[in-house]
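The listed protein sequences derive, respectively, from chains L and V.
Position 213, counted from 1, in the first sequence is what the UniProt record's numbering calls 213; the numbers after and before it change by one each time, with no gaps.
Position 18, counted from 1, in the second sequence is what the UniProt record's numbering calls 18; the numbers after and before it change by one each time, with no gaps.
A few of these clues could be false.
[As the list claims (entries may be wrong)] DSSO-like cross-link-like pairs, simulated, lysine-lysine; straight-line CA separation at most 30 Å: (1) V:K320 <-> L:K368; (2) L:K346 <-> L:K332; (3) V:K253 <-> V:K320; (4) V:K50 <-> L:K301; (5) L:K380 <-> V:K223; (6) V:K320 <-> L:K387; (7) V:K223 <-> V:K306; (8) V:K224 <-> L:K380; (9) V:K224 <-> V:K253.
Everything labelled a hint here was simulated from the structure, so no lab data went into it.
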Amino acid sequence: MSNATTNNDTVHRVSFLDKASLHIPTLRILQADGTTYEQAVLPNIDQELANKIYDTCVFTRVLDERMLGAQRQGRISFYMTCTGEEAAVIGSAAALDDGDVILAQYREHAALRYRGFPTEQFMNQMFSNEKDFGKGRQMPIHYGSQELNYQTISSPLATQIPQATGVAYGLKLQGKRNVAVCYFGEGAASEGDFHAGLNMAAVLKSPTIFFCRNNGYAISTPTEEQYAGNGIASRGVGYGMHTIRVDGNDMLAVLAATQQARAYALEHNGPVLIEAMSYRLGAHSSSDDPSGYRSKEEEAKWQQHDPVKRFKLWMINKGWLDEATDAELHEKYREEVLSAVKTAEKLPAPHIDEIIEDVFDKPTPALKKQLSELKEHINKYPNAYPKSAGRI
Amino acid sequence: MAQMNMLHAINEALSIEMEKNQSMIVFGEDVGHFGGVFRATSGLQEKFGKERCFNTPLTEQGIAGFANGYAAAGLTAVAEIQFADYIFPAFDQIVNESAKFRYRSGNQFDVGGLTFRTPYGGGIAGGHYHSQSPEAYFTQTPGLKVVVPRNPEQAKGLLLAAMRDPNPVVFFEPKRLYRASVGEVPEGDYEIELGKAEVVKQGTDITVLAWGAQMEIVENACKKAEKEGISCEIIDLRSLAPWDVDTVAASVKKTGRLLINHEAPLTGGFAGEIAATIQQECFLYLESPISRVCGLDTPYPLIHEKEYMPDEHKTYEAIKASVGF
Numbered sequence: 001m002s003n004a005t006t007n008n009d010t011v012h013r014v015s016f017l018d019k020a021s022l023h024i025p026t027l028r029i030l031q032a033d034g035t036t037y038e039q040a041v042l043p044n045i046d047q048e049l050a051n052k053i054y055d056t057c058v059f060t061r062v063l064d065e066r067m068l069g070a071q072r073q074g075r076i077s078f079y080m081t082c083t084g085e086e087a088a089v090i091g092s093a094a095a096l097d098d099g100d101v102i103l104a105q106y107r108e109h110a111a112l113r114y115r116g117f118p119t120e121q122f123m124n125q126m127f128s129n130e131k132d133f134g135k136g137r138q139m140p141i142h143y144g145s146q147e148l149n150y151q152t153i154s155s156p157l158a159t160q161i162p163q164a165t166g167v168a169y170g171l172k173l174q175g176k177r178n179v180a181v182c183y184f185g186e187g188a189a190s191e192g193d194f195h196a197g198l199n200m201a202a203v204l205k206s207p208t209i210f211f212c213r214n215n216g217y218a219i220s221t222p223t224e225e226q227y228a229g230n231g232i233a234s235r236g237v238g239y240g241m242h243t244i245r246v247d248g249n250d251m252l253a254v255l256a257a258t259q260q261a262r263a264y265a266l267e268h269n270g271p272v273l274i275e276a277m278s279y280r281l282g283a284h285s286s287s288d289d290p291s292g293y294r295s296k297e298e299e300a301k302w303q304q305h306d307p308v309k310r311f312k313l314w315m316i317n318k319g320w321l322d323e324a325t326d327a328e329l330h331e332k333y334r335e336e337v338l339s340a341v342k343t344a345e346k347l348p349a350p351h352i353d354e355i356i357e358d359v360f361d362k363p364t365p366a367l368k369k370q371l372s373e374l375k376e377h378i379n380k381y382p383n384a385y386p387k388s389a390g391r392i
Numbered sequence: 001m002a003q004m005n006m007l008h009a010i011n012e013a014l015s016i017e018m019e020k021n022q023s024m025i026v027f028g029e030d031v032g033h034f035g036g037v038f039r040a041t042s043g044l045q046e047k048f049g050k051e052r053c054f055n056t057p058l059t060e061q062g063i064a065g066f067a068n069g070y071a072a073a074g075l076t077a078v079a080e081i082q083f084a085d086y087i088f089p090a091f092d093q094i095v096n097e098s099a100k101f102r103y104r105s106g107n108q109f110d111v112g113g114l115t116f117r118t119p120y121g122g123g124i125a126g127g128h129y130h131s132q133s134p135e136a137y138f139t140q141t142p143g144l145k146v147v148v149p150r151n152p153e154q155a156k157g158l159l160l161a162a163m164r165d166p167n168p169v170v171f172f173e174p175k176r177l178y179r180a181s182v183g184e185v186p187e188g189d190y191e192i193e194l195g196k197a198e199v200v201k202q203g204t205d206i207t208v209l210a211w212g213a214q215m216e217i218v219e220n221a222c223k224k225a226e227k228e229g230i231s232c233e234i235i236d237l238r239s240l241a242p243w244d245v246d247t248v249a250a251s252v253k254k255t256g257r258l259l260i261n262h263e264a265p266l267t268g269g270f271a272g273e274i275a276a277t278i279q280q281e282c283f284l285y286l287e288s289p290i291s292r293v294c295g296l297d298t299p300y301p302l303i304h305e306k307e308y309m310p311d312e313h314k315t316y317e318a319i320k321a322s323v324g325f
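This is chain L alone, in the form it adopts within the complex:
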């Protein structure tokens, strides 16, 4: 047998494989009523962890609702929600160590919150004020935190996927017991970067968790126009990678899968692909209106699979949560978010001097010259540049 194939079977008549040949089951632990399946093996979770997960769910819902409202009022220019995908994002983030590096797409602010990103920092980024870590250079929701091992979001799709492979390889070479976790949507999995990133991780044995949020839509494009294969999971298998498909609206299933994926990646120095089947309940972004491409009935059907409600029922069943506490939590975050909005929007924009910083490690002579000419010009036309005039 040549090493060109690892398959020892031979046949003597034409026989094709198709996507049905690959049976990929979906892991489900939590039922719609908040009870667990009889045979289900639960993840490692205690009351403290459950509370932290639920707390992040509530914060994220409140943040999304309030900030979408703020966008509609013209207070921020753009917003994207995590609505409907909280279990996928928080359930996976909760399985990680704080030293694991997260490379997200753009819809995973819940993972950043789980890591401890303060409410005011969310606002500073969205309002592009002088306290924004990103110095007001990117659109709202492009968060990043060096302290929390959460690399800054870049808008171009899928660019973070091969980068995650590189990050994880670096962690391995440095002997750290950490992995890189890469989030992306099923749409991004069509980009060339996805294929390059997964192939390299598998071949180079890079301890990376590739976490696909299969949420049904890439802007207006439904999955049936995105791929013809057996989801994204089949590709993991194709690249020779440990792969699992989970119910992305099931917090416990996501948590269990990610806990084990992490353990595997560290033990075997190899990548894992997790495909979380979910649904983007909200619009793609505040610039999108899904009523043009999908029905209210379809959305209503998915409302019934609300991942936060399902987890809440489980918490109540366990006696770890009650309605009154839940209502208090919502109220606490509504006030906190509102107050943070008010503070953040009053802060000034980053100083104009910062416009030439970080292009390189040090501004070049050409950049310094351009800044000095710009400042002179702003002084001449202060009304045309309200963010900078008067502060030069």
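Please arrange chain V on chain L, whose structure you already have, making use of the hints.
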């Protein structure tokens, strides 16, 4: 003539050509039923069917490679790249393949029936990744035509010409003007020749050159300068590759001065190429150094977008400086 915005004009051009050319297909991310994120392809799927106007998976390199293959079969492809900022994954297919199909095969194969349409430029609070003007990366590639319209009438005529041009064309659409620019557009079919600049306004003291969304900016700056008694000749370059050296040189020989304005960063921008050529062509006629008013040499910023932009104030000051040199 009908009043319409630029999106409507582009949509009409696509529809006219799909009607005439049965081989033509229109595709890209969300362009099918949804009509593209900016709605430039609205109604085309309903009119021409899902086989001719369709969504692709999210893969710019796939879109460009697919377009190359379709066009190399002698057919007409119009591919939309959702934002010009996202054209870079397709860069290899465009720069190494589209541009070189004809040359490398000794004219056995070509992708002349291929047009890439893509929204470019800032002024929409988009930050780095929804605001770039990457035209200069493509003007340095022999084999590609690069076209940028300034208003609905130009967009329709130039796009019709681009789709019928026997060479691959990258057609940059100024997204800030998609809805903001409304004007009279001739009905039916007409073309505006590629490679020709347009003298938008005659003048005697300085030639002010721009393209796309910056035309509006330079027109405003010139109005201010005219109030000070400076007569500006305004030229819309329209095609950047190939570009109309003769029209620009003739104008500069008349006015003795040239100012070039573009949104992309100054260094390595297309203004540098124009300045070098015009300096060669018009050296003895120049009364002041050729000036450039361009974006800063930084990535496109969000909060300091106004400061970054080569706006009318900066252009006006540069006109005065050039005339007063």
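Contradicted hints - numbers only: none
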